[in-house]
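Both chains are given apart, each in its own frame, so use the hints to dock them into the complex.
Residue numbers (my numbering), protein chains in the order written: chain H, 91 to 308; chain B, 440 to 669.
Read the hints as simulated data drawn from the structure, not as lab findings.
Errors might be hidden in some of the hints.
[Claimed, not checked] Label-pair ranges, simulated between beta-carbon atoms: (1) B:491 / H:144: 17 to 27 Å; (2) B:494 / H:179: 30 to 40 Å; (3) H:290 / B:593: 50 to 60 Å.
In this text, a Cβ means the ideal position worked out from N, Cα and C, and glycines have one as well.
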Amino acid sequence: MIRFDDVTVAAGSVTLLDRLSLAIEPGPPTVLIGPNGAGKTTLLRLAMGLLAPTAGSVTRTDERRAIVFQRPTMLRRSAAANIRYASAGGDRTRELLALVGLEHAADRPARRLSAGEQQRLALARALARDPTILFLDEPTASLDPGSTKAVEDVIRTVSARGIKIVMSTHDLGEARRLAGEVVLLHRGRLVETGAASKFFDAPRTEEARRFIAGELLV
Amino acid sequence: MPEHLSALDLVLTGDPALFAIVRLSIAVSFSAVLLAAVLGVPLGAAIALSSFRGRDVAIVVLNAMMGLPPVVIGLVVYLALSHSGPLGAWGLLFTPQAMVIAQTILVTPIIAALARQTIEDLWLEYRDELTALEVGPMRRIATLVWDARFSLITALLAGFGRAAAEVGAVIIVGGNIDGFTRTMTTAIALETSKGDLPLAIGLGLVLIAIVVLVNALAWALRRAAERLAG
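Just chain B, same shape as in the assembly (with noise of 0.2 Å):
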């Protein structure tokens, strides 16, 4: 039978291996763009709003960060997370908390970034009437990511692709142990390096029909709260 057509059957008939490995990497990027999504959206309207020496070059840093390699994040916090780590008391290496970690710290910046500039350019649009209005820094915020809300959907879309796509971060703080720790894209590489490709080649059409599918969802629920919200 053609590789590509077990891969097809792998998925039709929900072989459970395939779909553990599903949900656990569906878990792991879900949770680490929620994180990412707390911390990197009141960071990028905190500096979208303020103004501090250094500010252009936090933008530039901030900016920078979008391009980090998943690699060096997977060392920095396997370094963290090891036994003579500063976080080794946790006992998180190899599990998929540390990969949740790993994952937030590659996408907070990516928030971040876009979250700054699209709260910095609503900014200017509504600076004079909030100013007329009296409305207070905390309010400030608040307004701005409300009506925000449907630039920063992308924001996030653009985090859970990075995410999702990932395999560096993940295979070295997770280690892809079978059943635990194994995501769509650690599976991806080490079955192709084995040459189990029906396997890899489902995972991957799992993949690409999941970040599909989120971009489509989110995609009508903008369109939909946008005839709503105006």
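Bound conformation, chain H alone (with noise of 0.2 Å):
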């Protein structure tokens, strides 16, 4: 679906990310994970065509692409204003409400809506564009567990109809959880990548063997 070959960003003289290849392929979630700054958030960005290489390139097939702000910014208007305004075509506001358990608050203004509540509307309003491919930025940082759970299950239940999740987080295990591909970055550069249940159980670097046993990588 996505291809990176040897991509790099940087932004004056840091580098972002450092010469990165990787193929984001159809099925179960891709994760991310890292330590902060480990190039995660500018991977998601550079996919969605947000920001452009400096050197390298990324090739797209096709798709269509929608993405969730690790921080949504909520449109000042209702919940159900806001996933309208997203819509690709045809009204599936009631039907995306009740998918992020939300129909109660469908003329609640979405600013008034608690965090959690909020990164389900985002989610819904990116669904009305009715993506292919998923890109999703710490969808769970800052949400207490009944939220947390909330949002993967919405997560798990947009998978299981097809649309290719790429989601980042700090979190392993939400990563544990969710992946079904696992790609471990640091300091921008790819440090292993592979399948969730190879990845977790026999890690081939020592970075990752590092990051999975809890230990600070700096």
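The structure is reproduced here in structure tokens:
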């Protein structure tokens, strides 16, 4: 679906992604993990087309893309109107509100919803684009366990419907719960990638082993 | 009778001459603010969302124009509308329309400059989302203006305050003709110079009351709308 070939992204003298090559294919969720500053958000923005590589190339097949940012911005209108605003055609507002468990909040101002509700609304709004690939940037960061479970349930449902999920997290538990494939990044470099079961049970690199063991990668 | 009591009498008894002046003042200032909003908000939005050479200069000029002296605007409009001026054929000099034109020129930079700042701040917040949603330029502007509507009300109020309070431009292009182009501010200036203080004070009281009332209504509207829309 998306190929990154020897991609570098630099901002001034800072290298955010360093000669990274990766292919993202259809299937279960791809989860990007790594410490803060590893390049997860940069990779998602690059994949979404919000950033251009400084060097290398990004090749996409003809897919429809949508993204949920770590801190989504709600438009100053109702929850339902936020979904309608993003709609790619046809009115699926009711169905999408039901999918994320927000039927009761349809007419409430989106900015008055709780953080967890806003995150679910942002998911529904992104799904209104009818994407074939959905990027999620730390979708459960700063959410309580109840809200995290609600968001993860939606992610599973969406993935089961055939929408490719590419998400970042720094929560290893979440990566274990959701990932089909794991991509470990550190300091802008791709350290290791592979099926989640193999990655967690038998990491091939020392950095991956230390990260899984809970050691700090600095 | 003390002058302030007779002034109050004029207000409370609904003196026809006084209220004719009040009606004209409100009509002129509201028309000017409406026109200035139609011109100024899109102008402010366009500057907020665009990047071009000289943008910083344009912003500085726009901000500086907020302080344009009304008498200078009055003079320029007078020259334009006078018989020998480029727009003399319109025959608008010393009419309420001429006063609306002058006040529109006075108020448009205020609304445009405040709208530019408001919309630019909101754009920084919305940029990622609207870019990801592939929202085109015209819809972007419409979205930002709509979502900034509560803050833009403050810009309109600032414009209304400026229009309602100014005297220099309307006295030059309107001529302060009794029953035709006499507004509250021009009448206050005239009656004070004539020594008719009750009418001047009465008009002053009404002017202050109108400005307070308009601001109170706008505040109430904004609070109610914010509760509904978030």
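Going down the list of hints, with the structure as the test:
{"no.": "1", "hint": "B:491 / H:144: 17 to 27 Å", "result": "holds (26 Å)"}
{"no.": "2", "hint": "B:494 / H:179: 30 to 40 Å", "result": "holds (36 Å)"}
{"no.": "3", "hint": "H:290 / B:593: 50 to 60 Å", "result": "holds (55 Å)"}
Hint violations for this structure: none, all hints satisfied.
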